[in-house]
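Protein chains in written order, with full-length UniProt numbering: chain E, 1 to 366; chain S, 1 to 608.
Source of the hints: derived by calculation from the structure; they are not laboratory data.
Computed from a predicted structure; not experimentally measured.
Heads up, the beta-carbon is just placed ideally off N, CA and C, and yes, glycines get one too.
One or more hints might be untrue.
Pairs of lysine-lysine residues, derived as DSSO-like cross-links and limited to a Cα-Cα distance of at most 30 Å, are as follows [unchecked claim]: (1) S:K238 x S:K588; (2) S:K408 x S:K510; (3) S:K191 x S:K408; (4) S:K186 x S:K408; (5) S:K408 x E:K90; (6) S:K514 x S:K408; (7) E:K362 x E:K319; (8) S:K510 x E:K256; (9) S:K408 x E:K78.
Pulled a few chain E residues facing chain S out of the computed Cβ check, cut under 7 Å [stated by the list, open to error]: (10) G130; (11) E168; (12) C169; (13) G171; (14) V172.
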Amino acid sequence: MEQDMTAHIRLVAQLEGHDDRAWHVAWNPKRPILASCSTDKTVRMYHYSSNLRKEHGGDEDGEQMFVHSTTIPTGHAKTVRTIAWSPSGKTLATASFDSNIGIWAQDEDDGEVDLAGGGAEWECMSLLEGHETECKSVAYSAGGNLLASCSRDKTVWVWEVHPDYDFECMGVLMEHSQDVKCVAWHPTEEILASASYDDTIKLYLDDPSEDWYCFATLSGHESTVWSLAFSPDGRFLASSSDDLTVRIWERVQEHKWECVEVLEGHERSIYSVSWGRGQRTREGSLGWLASTGGDGLVLIWELTIASPAAGGNKSTLAKKLLARLPSAHDVADVNSIAWCPREGYNDTFATAGDDGIVKVWKVEFD
Amino acid sequence: MAFSGALTLTDLNDFITPSQACIKPVEQTNRPEEKDPGAASTQIQVDSSGSYYEVASDGAKQAGRKLETAQISLNDCLACSGCITSAESVLITLQSHTEVLNFLNSNPPRSFPAHKVPVLSISPQSLASLAASVSSSSSHPVDLSDILHRVRVFCKEVLGFEHVFDTTFARHIALLEHAREFQERKRGQGKLPMLASACPGWICYAEKTHAEMLPFISQTKSPQQVMGTLVKQWMGGKWGKKPDQIYHVTVMPCYDKKLEASRQDFYNEQYATRDVDCVITTGELELLMCEKNWDLSMAVGGEKRARGASPVPRRAPPAVPTPGPGDGDDEIEIELPELIAHPGTSSGSYLQSVISMAGDASSCGLAVRTVRGADYEEHTVADRASGAVLLRGAKCYGFRNLQNVVRKVGRDAGVQVGRGAAGRIAAVRARGRARKTGADGAALSADRGYDYVEVMACPGGCVNGGGQLRPPIQNTDAEGYPRDWARNGVKLDEEGEASAPGPKANWGSKEWTKKVEEAYWGGLPTPPPTPPNAEPGELNGRSLRPSEYADRLATRILAELCSPAPVMAPTAGWCSTMDDAAEERRRKFFRTQYRAVESEVVGLAVKW
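If we strip away everything but chain E, and leave its shape as in the complex, we get:
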């Protein structure tokens, strides 16, 4: 197994401003905006300029490239735990411990909407209620027509996005026996995954003639599953857990997923994983997987298919630890990690920590 690290992680920006724990970071998929949320009930947005791409110019002034553009004082009564951008980049969803989900957008009639997220004010266009207790996670489907949320009330809800910020509840899934920590959508199909304190991952589909239903339960983690990330090609799913492992699950059949790889290296709960395309794409490359958690450690793995699946058998993956960054937020826990999904930023990711700080990083090869 290759473990020799060939890359290092460089701090690009350190963004302070939250008055309390920063829980989550989300890159706008279409516009140069990075958003973060916090126990302080606000969402902060930062605009970044494209000269970030000037590989060897102005890098020293990295911090200057991220400019705070606006703060939404959401009005949520409790912590904003997770934020999610719609694929169009026009709408932001906030999942709060007050059990509600806020849907935010800029009123295009009210004035110029600039790329930076400044300009017209971000307004709460809709409020999705239904969860009984803390809402933990929210996610838009790839097509942007569905929104999923999950909560400590053990339920996963699927909402259909209608015009004019109207939402219809399509399903309330009560499959988990405990707190549901995370929901994630498949990158191309309408497959929903959820991760729970009950140590399992559940996968759901819509039966057009009936309701949403759970078609698979992935067991293997020995403790809480905190976070989920599909591979960019949709053939794999990564899950991170309190059992200090990241597991990689492969879609071996239409409705069947099996664990093909276990990544280790963390010493505390792994709170967050993100699976990006990575940069040095080569034959069989699945992209880069970033993980972080209670130990403050960031690990970047490059995953490659060593021998592809055949006849319903699992693939064999090759894993290579590209880079390792301890104490990313000093002694603070790191709650969230996210690759920038925009073209040309495949080497850039952001983290949010208990220190209330959001940091932007870049993977650079030695």
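Use these hints to put chain S onto chain E, whose structure you have.
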């Protein structure tokens, strides 16, 4: 969440589960005496019998004081928005089939003054569940009247009930009052859309999480509670019994009916008794029959008489109360119209009762649009000539659809949906609304809000209630059932389900619900357009159709209970307006009210 956990017993994924934390605070009634601040406190010890004792922590010699065991009563559960750590056990111990048996065993003989008249009322959905279950395991299909007859014989001869009724006549009254209430609201006395109130799960949920919906919810009592009024007030009057001298048991398809029966509104302070003393589910009735070795699939004598008979009793109950001479032995045998079929839905036909009033069938057309599955349908009554929409209603079952109705009603009515925290997001923009107002008139009327929504918490409605019988076990061996399934054109997957998981996983329940639905309508797969039982009955020497007979009897009961002054005209109907005092009594007997339950579910401080 607010519904009892029993609902989750089926495989369907649209039920509501109980939430995790019971927030009922433990009230310490025996507080320790004043003590020095900072002094050693006391400890709680448990002795071998399981009792709790408070003792000084330094192991003082004084005898520990016995502590009261913390108890959760049904009323606590009603008042608690967090729902119920072990809702089922609480419910089942307080209102269970063993409770019924305990009562019957301890009920003194009729000659004793302390004797209570045991009365049992069974819902048609429960009868349908029993009928479907019996039919599936025997070669002779049975209908609801067979089942009612067998249940009656069992309850009277084996258990010792003195009167057994079905609740369809009570439902008939509920539908009359319900229609009257809808007319009131149409006239501006109250808000529209009106939302059905017969589902206690929905009521519980609305009171706890959607207080803004309460003004829309029909205040008419549910059939169960109308039956409670009939039994304890009207029949009690006829029998010369006070409400606390009657023990009223209902058999319901739903656990949450237990919660409904124990609402404060249905408690008679004067006599310290409830209109319905104990609610058992269909499953618990089956359990009772099991324990007493009663085989419901066996026919009992007199059944065919019941089958061919008119639902209208030959003898109408006497108009004047004639209390017995004191020994209570010769109660009047009151017969109510039985198994009145109300066309519409198997959950009580509430929407249909409103639709049938909307306009003359000859000039109006009804359009039904399926929004998503059979559990969410829109019914629009429009004038055929002008196309004008006279009524827009919806049938909406299951938790998911209920969410959407709450959102839609809130939006259309312009009320803020939701609980505390929601209000703090000051300005949720109403763009959608603003845009729609600008649309042209035709589009507006097509999208006009509902006038009425029949809301039920269970997917499939009451025939699929949480208290209904489980479907018979589907054997994979060649014996018995597979033949039945195959006959229905249903292919069974011979391969292991694990390798091909899919929507088949919850197929069994839905298929079973369909069978119960069929049994409910007497073997017809869909509700008949008109009541099938159109045999004439007799009242005051005149021949009447069953529903007319039921209308007349209902009006008479109204007059007897409310004693209007002046006396109601013989031609008066249920909707006639009486004097103020009598109308006040009508409200007391046939309406109820709802109140928001303040929820401050904090839970444990959750950090993650």
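* Could you grab the alpha-carbon distance between K510 of chain S and K256 of chain E and see if it respects the 30 Å cut-off? => holds (25 Å)
* Restraint check, 7 Å cut-off on beta carbons, for C169 of chain E near chain S -> holds (4 Å)
* Holds or violated: are the alpha carbons of K238 of chain S and K588 of chain S at most 30 Å from each other? -> holds (19 Å)
* **Distance restraint between K186 of chain S and K408 of chain S, which requires alpha-carbon spacing of 30 Å or less** => The given pair, whose Cα atoms are some 19 Å apart, holds under the 30 Å limit.
* **Agreement of K514 of chain S and K408 of chain S with the hint, judged by alpha carbon distance not exceeding 30 Å** => holds (29 Å)
* Asked: Are the Cα positions of K408 of chain S and K510 of chain S separated by 30 Å at most?
  -> holds (27 Å)
* Satisfaction of hint between K90 of chain E and K408 of chain S, Cα-Cα up to 30 Å -> Holds. K408 of chain S to K90 of chain E sits at ~24 Å (cutoff 30 Å).
* Asked: Does the interface hint hold: is V172 of chain E within less than 7 Å of chain S, judged Cβ to Cβ?
  -> Nearest chain S Cβ about 5 Å off; hint holds.
* Asked: Are K362 of chain E and K319 of chain E close enough, with their CA atoms no more than 30 Å apart?
  -> Since the Cα atoms of K362 of chain E and K319 of chain E sit roughly 20 Å apart, the hinted pair holds (cutoff 30 Å).
* Asked: Hey, K408 of chain S versus K78 of chain E, does the alpha-carbon distance stay inside 30 Å?
  -> Holds, because 26 Å separates the two Cα atoms, which is no more than 30 Å.
* Should the hint that G130 of chain E touches chain S count as held when the rule is a Cβ pair under 7 Å? -> holds (5 Å)
* When you check the alpha-carbon spacing of K191 of chain S and K408 of chain S, does it fall within 30 Å? -> holds (15 Å)
Violated hints for the displayed structure: none, as all numbered hints are satisfied.
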